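Q: Each chain is listed here by its residues.
There are 2 protein chains.
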Amino acid sequence: MLLVYSGGMDSTVLLYKEADNIKLVVTFDYASKHNAIEYEHAVRNTKRLGIEHIKIDLDFMDAYFKSDLLKSGGAVPDGHYEQESMKSTVVPFRNGIMLSIAAGLAESNDLSTVLIANHAGDHAIYPDCRQSFISPMQEAISQGTYAKIKLLSPFMGMSKRDIAITGRDLGVNWQDTWSCYKGGKIHCGRCGTCQERKEALAGFDSTEYEY
Amino acid sequence: MLLVYSGGMDSTVLLYKEADNIKLVVTFDYASKHNAIEYEHAVRNTKRLGIEHIKIDLDFMDAYFKSDLLKSGGAVPDGHYEQESMKSTVVPFRNGIMLSIAAGLAESNDLSTVLIANHAGDHAIYPDCRQSFISPMQEAISQGTYAKIKLLSPFMGMSKRDIAITGRDLGVNWQDTWSCYKGGKIHCGRCGTCQERKEALAGFDSTEYEY
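Just so you know, the protein sequences line up as chains A and B, in that order.
Numbered continuously in our numbering, the first sequence closes out at residue 285.
Numbered continuously in our numbering, the second sequence closes out at residue 285.
If you are wondering where the hints come from, they were derived from the structure by calculation, not from laboratory data.
Be a bit skeptical, because a hint or two may be false.
Given that identical chains are not distinguished, each listed pair holds provided it fits within a single copy or across any two copies.
In silico SDA-like cross-links for lysine to any residue, where the CA-CA straight-line distance does not exceed 25 angstroms [said to hold, decoys possible]:
#1 Lys161 / Glu92
#2 Lys161 / Lys222
#3 Lys224 / Glu213
#4 Lys256 / Pro228
#5 Lys224 / His197
#6 Lys222 / Gln205
#7 Lys129 / Ser159
#8 Lys145 / Asp103
#9 Lys97 / Glu273
#10 Lys145 / Asp236
#11 Lys224 / Gln205
#12 Lys97 / Leu185
#13 Lys140 / Glu284
#14 Lys222 / Gly147
#15 Lys97 / Tyr138
#16 Lys121 / Ala137
#17 Lys224 / Phe134
#18 Lys222 / Arg264
#19 Lys129 / Ser233
#20 Lys272 / Ala149
#21 Lys259 / Ser209
For clarity, every value in this text was computed on a predicted model and none was experimentally measured.
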């Protein structure tokens with residue numbers, strides 16, 4: 075299996091859950107404000123687990139794509155993750171791009187399966203996190219590869235709270251995961267992803283927040 | 075409309091055919107042996123037509139993907155395009171990757187449609203050129219973007235000969251298109267794509283071949 079791994083909560087939980095089956099991990103740096111610090115957290119986990127981990131830079135997205143998540147974009151808004159204002163942080167077709175590259179990587183490395191950790195909470199503002207996107211993408215990847223690569227999205231129906239509880243039971247160290255879209259030294263505590271993180275980890279949150 | 079444009083025969087014909095509707099052209103350099111010379115030819119056409127043209131480098135494919143088409147791969151085999159030996163030139167899920175990036179670019183630039191020039195002759199060895207791939211990819215791109223971006227593949231049912239005749243009637247200068255996978259100074263005349271090119275242009279071929 076190949077895991078698309080950001081270093082966030084969800085994909086870290088999936089990394090630990092499928093650690094015995096994952097042979098290759100790929101992190102994409104698409105020049106978001108928080109990719110660099112997210113990656114620092116990601117490597118702590120793959121090193122601990124001894125799993126091969128590559129990073130792929132997608133610099134062109136900063137140059138040609140429009141999103142406030144990117145270094146070239148405006149400020150990341152405060153507010154709740156599901157609010158209309160958070161739409162400015164959508165990176166157009168980001169999951170399609172990451173999954174397509176992951177499919178080619180899997181075929182090049184004789185791996186039969188690509189894993190992604192999108193979940194129900196993502197659906198509100200991210201069209202490329204929904205089942206209506208994942209289903210045809212699964213078919214496109216299967217039909218477009220010789221090995222009929224499988225795309226699995228095991229957290230699709232789960233809430234972020236369910237994922238957090240799964241991670242707690244697996245012994246995930248939340249300090250080795252990163253969520254904040256602002257990409258400061260510690261989690262801001264105010265942006266949409268920080269608020270979502272706080273709600274999910276309530277009761278067992280070891281994160282240091284600015285607010 | 076946004077065109078995925080290599081500088082080869084097929085996408086050049088599509089460029090001229092839809093020149094009035096194409097607002098942005100993107101060429102991908104995935105570090106194949108022939109990308110650089112192909113791009114030199116591509117810009118001649120977009121300059122002549124006055125259409126905005128960007129190039130996106132996908133260096134990671136040379137580093138992590140396996141294909142004899144890439145600089146990091148083995149020699150490009152001689153032989154007919156549809157032969158088994160040509161499978162070594164397949165770049166895993168290349169069209170999926172290019173179309174996904176094109177979809178994100180289209181959404182970022184308020185363009186509603188992505189064009190690709192794959193055709194019937196590609197189907198034998200390229201799984202990501204077939205209708206069985208294009209159909210779910212159309213659905214994935216539509217569902218995964220806010221603007222419900224359309225993917226059009228107008229040459230899907232056409233032979234390369236039909237495309238060549240269309241291009242001749244549009245006044246395409248074949249010397250401003252590139253096919254040869256070996257990426258030398260002139261077309262080798264022996265590799266699969268050169269043989270396919272000769273067959274398609276028979277009777278009006280202005281290409282200079284080594285053999």
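Q: Hints first: check each against the structure and report whether it holds.
A: Against the structure, the hints:
{"no.": "1", "hint": "Lys161 / Glu92", "result": "neither (31 angstroms within a copy, 32 angstroms between copies)"}
{"no.": "2", "hint": "Lys161 / Lys222", "result": "between (34 angstroms within a copy, 16 angstroms between copies)"}
{"no.": "3", "hint": "Lys224 / Glu213", "result": "both (9 angstroms within a copy, 17 angstroms between copies)"}
{"no.": "4", "hint": "Lys256 / Pro228", "result": "neither (28 angstroms within a copy, 43 angstroms between copies)"}
{"no.": "5", "hint": "Lys224 / His197", "result": "both (21 angstroms within a copy, 21 angstroms between copies)"}
{"no.": "6", "hint": "Lys222 / Gln205", "result": "both (20 angstroms within a copy, 15 angstroms between copies)"}
{"no.": "7", "hint": "Lys129 / Ser159", "result": "neither (30 angstroms within a copy, 32 angstroms between copies)"}
{"no.": "8", "hint": "Lys145 / Asp103", "result": "both (11 angstroms within a copy, 24 angstroms between copies)"}
{"no.": "9", "hint": "Lys97 / Glu273", "result": "neither (32 angstroms within a copy, 44 angstroms between copies)"}
{"no.": "10", "hint": "Lys145 / Asp236", "result": "neither (31 angstroms within a copy, 46 angstroms between copies)"}
{"no.": "11", "hint": "Lys224 / Gln205", "result": "both (15 angstroms within a copy, 19 angstroms between copies)"}
{"no.": "12", "hint": "Lys97 / Leu185", "result": "within (8 angstroms within a copy, 38 angstroms between copies)"}
{"no.": "13", "hint": "Lys140 / Glu284", "result": "neither (28 angstroms within a copy, 45 angstroms between copies)"}
{"no.": "14", "hint": "Lys222 / Gly147", "result": "between (37 angstroms within a copy, 23 angstroms between copies)"}
{"no.": "15", "hint": "Lys97 / Tyr138", "result": "between (32 angstroms within a copy, 14 angstroms between copies)"}
{"no.": "16", "hint": "Lys121 / Ala137", "result": "between (31 angstroms within a copy, 21 angstroms between copies)"}
{"no.": "17", "hint": "Lys224 / Phe134", "result": "between (27 angstroms within a copy, 22 angstroms between copies)"}
{"no.": "18", "hint": "Lys222 / Arg264", "result": "neither (42 angstroms within a copy, 31 angstroms between copies)"}
{"no.": "19", "hint": "Lys129 / Ser233", "result": "neither (28 angstroms within a copy, 40 angstroms between copies)"}
{"no.": "20", "hint": "Lys272 / Ala149", "result": "within (21 angstroms within a copy, 54 angstroms between copies)"}
{"no.": "21", "hint": "Lys259 / Ser209", "result": "neither (37 angstroms within a copy, 44 angstroms between copies)"}
Going down the numbered hints, you'll see the structure goes against 1, 4, 7, 9, 10, 13, 18, 19 and 21, while the others check out.
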